[in-house]
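Participant: Single-letter residue listing:
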Amino acid sequence: MNEDMTPMNDSIRALAATVKPGYSLPQAFYRDADVFAADMQAVVGRKWLVAGHVDRVRAKGDYFLYQIGNESLIVVRSDADTVNVFYNVCRHRGSLICTEPQGRVSRLTCPYHAWSYGLDGALLAARLMPADFAREDNGLHRCHVRVFHGLIFVNLAVGEPPDFDATFGDLAPYLDFHGLADAKIAHAQSYPTTANWKLIVENFVECYHCVPAHPEFCSMHPAEALVAFGAGPSSGPAQAVQSYLPTLKAWEERAARLGRPLGTVDDGPDSSHLRLLLQRTIRAGYESETEDGRPASCLMGKRQDFDQGRMYLSFSPFTQLVATNDFAVLFLFTPRDAMQTDVDLYWLVDGKAQAVDVPRMIWGWDRTTRQDKEITENNQRGILSQRYEPGRYSDQERRVATFQQWYLAHFGRAPGAAAAA
Amino acid sequence: MNEDMTPMNDSIRALAATVKPGYSLPQAFYRDADVFAADMQAVVGRKWLVAGHVDRVRAKGDYFLYQIGNESLIVVRSDADTVNVFYNVCRHRGSLICTEPQGRVSRLTCPYHAWSYGLDGALLAARLMPADFAREDNGLHRCHVRVFHGLIFVNLAVGEPPDFDATFGDLAPYLDFHGLADAKIAHAQSYPTTANWKLIVENFVECYHCVPAHPEFCSMHPAEALVAFGAGPSSGPAQAVQSYLPTLKAWEERAARLGRPLGTVDDGPDSSHLRLLLQRTIRAGYESETEDGRPASCLMGKRQDFDQGRMYLSFSPFTQLVATNDFAVLFLFTPRDAMQTDVDLYWLVDGKAQAVDVPRMIWGWDRTTRQDKEITENNQRGILSQRYEPGRYSDQERRVATFQQWYLAHFGRAPGAAAAA
Amino acid sequence: MNEDMTPMNDSIRALAATVKPGYSLPQAFYRDADVFAADMQAVVGRKWLVAGHVDRVRAKGDYFLYQIGNESLIVVRSDADTVNVFYNVCRHRGSLICTEPQGRVSRLTCPYHAWSYGLDGALLAARLMPADFAREDNGLHRCHVRVFHGLIFVNLAVGEPPDFDATFGDLAPYLDFHGLADAKIAHAQSYPTTANWKLIVENFVECYHCVPAHPEFCSMHPAEALVAFGAGPSSGPAQAVQSYLPTLKAWEERAARLGRPLGTVDDGPDSSHLRLLLQRTIRAGYESETEDGRPASCLMGKRQDFDQGRMYLSFSPFTQLVATNDFAVLFLFTPRDAMQTDVDLYWLVDGKAQAVDVPRMIWGWDRTTRQDKEITENNQRGILSQRYEPGRYSDQERRVATFQQWYLAHFGRAPGAAAAA
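Protein sequences, first through last, are from chains A, B and C.
When you read off a place in the first sequence, starting at 1, and then add 83, the result is the number in my numbering.
When you read off a place in the second sequence, starting at 1, and then add 83, the result is the number in my numbering.
When you read off a place in the third sequence, starting at 1, and then add 83, the result is the number in my numbering.
Worth flagging that the hints you see were computed from the coordinates, not collected in a lab.
Given the structure is predicted, the values throughout are model-derived calculations rather than measurements.
Do not rely on the hints blindly, as some may be mistaken.
[To be verified] Incomplete in silico selection of chain C near chain A, CB under 8 angstroms: (1) SER107; (2) PRO320; (3) ALA333; (4) ASN462; (5) GLY465; (6) ILE466; (7) LEU467; (8) SER468; (9) ARG470; (10) TYR471; (11) ASP478; (12) GLN479.
[Said to hold, decoys possible] Computed list of chain A residues with no C-beta within reach of chain C, every gap over 12 angstroms: (13) ALA111; (14) GLU154; (15) GLN185; (16) ASP349; (17) GLU370; (18) LYS385; (19) MET394; (20) VAL405.
Quick reminder that beta carbons are idealized off the backbone N, C-alpha and C, glycines included.
From just these sequences and the hints, can you work out the full model?
Facilitator: And the structure:
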């Protein structure tokens with residue numbers, strides 16, 4: 084059975100057919116519980132989402148919990164080569180097994196009746212069960228998992244998820260250059276946001292709001308780049324792109340000489356994950372995305388020298404990576420409810436970094452993310468009005484329109500189709 | 084299309100048909116989300132509601148927010164003669180534009196992408212929009228507004244609202260005498276109440292509860308007047324009315340000599356706004372509704388001397404004005420959710436008043452409103468019982484029955500009709 | 084009309100038909116609002132539930148409130164022989180009448196309009212009512228009540244409840260021996276729990292979790308008894324029962340010599356209240372269920388000496404009594420919402436007890452109940468996962484399976500029937 088074709092989704096498909104291209108979505112998509120349930124089933128539940136970085140589970144038995152929708156997942160290392168992800172639900176009577184957000188364990192033992200599972204999820208001990216009880220059928224429910232250059236990807240699909248290597252394999256050179264696999268977490272911060280997950284994505288994938296809302300962010304970047312490439316290769320007006328191109332070209336030549344792999348990725352709305360890879364310059368004279376442009380840590384990965392560049396890599400609308408020369412910021416957008424989304428940031432530095440200036444490092448994105456939380460929550464509240472109606476996108480919000488097309492395609496709306504009457 | 088005839092309201096109409104005259108309403112009217120949605124559409128959304136007094140927006144660019152249901156409205160002065168009311172929803176992507184409860188602005192600029200609107204709501208600036216984007220079609224959504232003797236009336240109707248002058252024009256002499264247009268706010272206080280808006284109205288329009296619940300209020304009034312006219316000309320038993328009439332007649336003659344315009348308004352249940360105007364005496368020897376009867380401010384409006392009278396003027400079940408000689412209290416009852424209502428009080432004094440004794444002025448209504456909040460919340464909680472059933476009204480609650488008939492008429496129930504089987 | 088046969092319950096009956104015997108219930112039974120409404124109507128609303136002990140209402144006019152679901156009940160003594168229970172809903176406009184959790188009153192007077200009821204619920208005073216108003220028809224709605232050996236049983240049934248004496252009469256000798264009628268409350272504590280009521284019952288009626296979760300509890304009891312009889316005569320594996328039987332037999336002979344009435348009650352899933360009575364030994368050398376085994380109060384009831392025994396008496400899944408020689412603990416499990424249940428404990432001692440060592444007395448059950456609250460809330464949270472599926476019961480959870488059969492029988496599922504396809 085095609086899970087997309089359930090009756091629940093029929094009404095969402097009908098609604099999706101009415102969306103006017105180039106305009107924001109109707110209220111229901113940002114508010115209604117049935118749309119959220121459909122999102123969880125047809126979109127969130129089918130994607131490879133980053134749950135965290137392996138630095139959180141370096142030693143055998145290290146675990147952390149990843150909460151998504153109503154699900155609690157246990158991300159746990161079982162040996163040097165293996166990270167497993169299990170649903171945090173005992174097969175006996177359904178209790179949570181791990182109740183602390185992170186820790187180290189030798190077994191996964193349910194605190195209720197002490198059913199005990201190995202780090203591989205196998206049921207090892209269950210006292211006094213009937214003779215015909217089959218332990219081998221009662222291991223923990225597994226979630227699909229793939230560790231790729233230090234990033235722990237999970238996929239909640241019940242059946243087969245999209246092929247991982249076919250989806251992300253071509254990103255290996257970039258992650259390798261940045262040393263992601265060996266990176267370590269220098270700082271982490273949560274910004275839980277009272278807004279639908281799509282508002283958070285729409286906020287992140289455009290830079291039309293950067294000038295009004297993000298003074299710190301703008302101070303670290305060339306103004307023309309923000310307009311042209313604020314949210315991807317095709318995110319700004321053509322004229323702005325043209326005016327920034329010479330600067331970009333010059334930088335690309337220098338960066339290539341310093342060994343940086345170049346190239347872009349710009350998935351279309353009919354792709355599975357809507358990936359985006361964009362590399363460009365930071366503000367002239369700056370070596371890092373900090374207040375004064377001086378670095379906050381040592382060079383990251385295989386770099387030999389500062390090149391005044393940055394990389395923006397979006398694995399999907401739910402997972403973003405922004406890398407400057409000395410640190411990278413991993414953004415995890417995790418839907419919890421129709422109007423509640425977790426926004427978690429991890430600042431990663433080189434695995435060999437000794438002295439990290441954390442306040443300097445987080446100055447830009449901590450402030451920017453606090454601003455985005457406020458902006459997005461105001462957006463959500465305004466949309467609850469009966470007078471809200473979808474509004475026209477600017478030329479600098481093309482990526483938002485692309486995201487919308489990609490999203491609607493999960494509900495049968497062909498990208499580029501006209502709105503139903 | 085008649086907005087009253089939507090399918091949503093059909094079930095409410097069926098429910099309304101079963102209400103037994105002379106009894107309180109069935110549980111659903113005080114609790115259910117679908118009744119509240121119908122109330123917002125068919126009742127609240129069609130009335131002229133007072134959002135505040137012009138003293139809040141004296142200077143150009145002064146604004147305040149008025150929240151009703153899920154709506155946030157911007158009430159803003161654009162010039163000496165004009166107060167505009169806009170939906171606080173950006174036409175771009177729906178963000179709130181104003182996020183502070185009040186302030187002064189030169190333009191209405193959205194904090195998200197800086198779309199900027201004039202104080203008249205016109206879209207002035209929107210960067211980087213497509214060539215065919217029409218700014219003139221993207222002004223802020225307007226709410227109907229009318230300033231009348233200093234009171235800012237709004238009407239959320241999508242189409243034409245009831246004619247304002249036909250509805251309220253005859254009240255001009257009373258408001259003029261009390262100097263409402265030039266009054267100023269001496270104190271404001273909010274009493275958010277966890278109860279359906281109809282329970283709050285029902286509480287306000289009867290004085291059957293005054294003796295058990297409101298010692299301060301009763302101390303300021305003649306007992307016989309409370310029974311007879313506690314909530315309007317026809318609100319008490321006939322016998323009590325008869326016994327109070329001589330006192331009232333004597334007062335009317337004296338008040339007329341002092342220039343007070345007399346007269347009553349007593350709209351029936353088939354009226355659009357169920358207005359009520361009643362003037363009567365306060366406690367013998369008292370000059371004002373204060374603890375000891377001495378005034379808290381100077382005479383208000385066109386008065387020449389204290390006349391020991393008071394005016395109760397209800398513009399609709401949602402807006403009440405109670406005026407003693409030296410101050411007036413404006414009561415705004417604003418539905419927010421099925422079981423949540425804003426109750427906001429503004430104490431108004433003469434525009435030229437210098438020394439106002441605020442504690443003395445608010446002594447009566449602040450305490451009385453706190454008591455009403457507690458009473459009404461207890462009423463709401465009791466009604467949630469499965470054993471709650473509509474109860475019989477007393478002879479002193481005639482105005483509650485009238486309000487009920489008026490309310491039910493919005494759902495097709497003819498006043499005076501017998502209950503459906 | 085049979086109240087069980089309402090349309091609402093049809094869907095629950097269909098769901099009940101699919102439950103697999105020997106496994107925990109499907110998610111809906113622990114989460115859904117419509118199941119909770121059906122539970123309130125078909126199960127909770129038909130049972131005799133203990134609301135408290137008469138020690139709370141010793142004097143005329145003493146009352147306390149008992150909250151269940153959306154109901155507030157007034158439990159009030161009207162004379163030396165009578166405790167009445169009324170719905171806390173004024174017959175006038177539905178206000179709560181009593182708003183404090185307990186107190187002493189001479190009449191039940193509504194704080195809104197002062198309608199005043201006698202302690203027998205009769206309407207005594209209602210001012211200014213129409214001439215045809217019948218006070219005698221407007222007494223407070225009564226709840227069925229029966230005081231039995233000091234325990235105040237209530238029954239919310241609209242019609243006739245199950246015959247009380249036929250249901251509980253045979254328990255008199257046990258309650259009499261323990262002196263329940265004359266007992267007094269030495270301590271009370273509330274443990275409101277964010278979990279469906281069935282999870283709380285399922286937790287209480289099995290001791291499979293005692294060893295992992297309850298070190299204090301286990302320290303007071305012989306290990307073999309916990310496995311064999313942890314939750315009733317048929318609650319543990321046959322082998323464990325056999326190994327504990329000699330100890331039990333020896334104790335029964337000694338206890339009988341000391342005057343203790345022996346016997347067991349073990350209602351099946353087709354009974355109305357699923358009662359359970361079990362008596363057994365505590366830890367060797369202990370006189371009471373305390374940390375060091377020494378008593379916390381004097382002998383309770385008709386006892387002549389300590390006999391090292393305990394009684395577990397379940398009046399229904401909602402009311403439990405655990406009695407050691409010197410005190411008894413009354414457990415009230417009261418459903419409030421689909422995922423919220425009140426858990427209230429009353430520690431009772433002999434009516435003539437002078438010096439009660441409260442910390443020593445509550446050491447065991449206070450800690451155990453805190454542990455159960457945490458366990459049960461974890462169970463609830465885990466069950467919210469889409470991957471939760473009913474799990475197999477162990478041999479030590481037979482009583483849970485029995486409870487489940489009893490519960491499902493209220494929705495047409497014959498105990499022992501196979502699951503529908």
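Participant: Work down the list of hints and note, for each, if the structure agrees.
Facilitator: A quick look at each hint next to the structure:
1. Interface hint status for C/SER107: upheld, as the beta-carbon distance to the closest one in chain A is roughly 5 angstroms, under 8 angstroms.
2. A least Cβ separation of about 6 angstroms between C/PRO320 and chain A falls short of the 8 angstroms threshold, and the interface hint therefore holds.
3. Annotation: C/ALA333 was flagged as interfacial toward chain A, and the flag is violated, the nearest CB pair being 26 angstroms apart, outside 8 angstroms.
4. Hint status for C/ASN462: holds, given a least beta-carbon distance of 4 angstroms to chain A, under 8 angstroms.
5. Hint on C/GLY465 holds. Least Cβ distance to chain A is approximately 4 angstroms, under the 8 angstroms limit.
6. The interface hint given for C/ILE466 holds, since its Cβ lies 4 angstroms from the closest Cβ of chain A, which is under the 8 angstroms cut-off.
7. A distance limit of 8 angstroms between C-beta atoms decides the matter here; for C/LEU467 the minimum to chain A is near 5 angstroms, and the interface restraint holds.
8. The closest approach between the C-beta of C/SER468 and any C-beta of chain A is roughly 5 angstroms, which is under the 8 angstroms cut-off, so the hint is satisfied.
9. With its C-beta approaching chain A no nearer than about 4 angstroms, C/ARG470 sits inside the 8 angstroms limit, and its interface hint holds.
10. A cut of 8 angstroms between beta carbons decides the hint on C/TYR471: the least distance to chain A is about 5 angstroms, and the hint holds.
11. For C/ASP478, the interface hint holds, since its Cβ comes within 8 angstroms of a Cβ in chain A; the closest pair sits about 5 angstroms apart.
12. The restraint placing C/GLN479 at the interface with chain A holds, with a minimum CB-CB distance near 5 angstroms, inside the 8 angstroms limit.
13. Here A/ALA111 stays apart from chain C, with its beta-carbon at least about 22 angstroms from theirs, past the 12 angstroms limit.
14. For A/GLU154, the requirement that its beta carbon stay farther than 12 angstroms from each beta carbon of chain C is not met, with the minimum near 5 angstroms.
15. Listed as outside the interface, A/GLN185 is consistent with that label: its C-beta sits roughly 17 angstroms from the nearest C-beta of chain C, beyond the 12 angstroms cut-off.
16. At roughly 34 angstroms, the least C-beta separation between A/ASP349 and chain C is larger than 12 angstroms, which holds for a residue marked as non-interface.
17. For A/GLU370, the non-interface assignment is confirmed: its Cβ lies about 46 angstroms from the closest Cβ of chain C, beyond the 12 angstroms cut-off.
18. Every Cβ of chain C is farther than 12 angstroms from the Cβ of A/LYS385; the closest lies at roughly 41 angstroms, confirming the non-interface assignment.
19. Residue placement check: A/MET394 keeps its beta carbon more than 12 angstroms from all beta carbons of chain C (closest about 36 angstroms).
20. Interface exclusion of A/VAL405 from chain C stands, the closest Cβ pair being 32 angstroms apart, more than 12 angstroms.
In terms of the numbered hints stated before, the structure departs from hints 3, 14, listed from lowest to highest.
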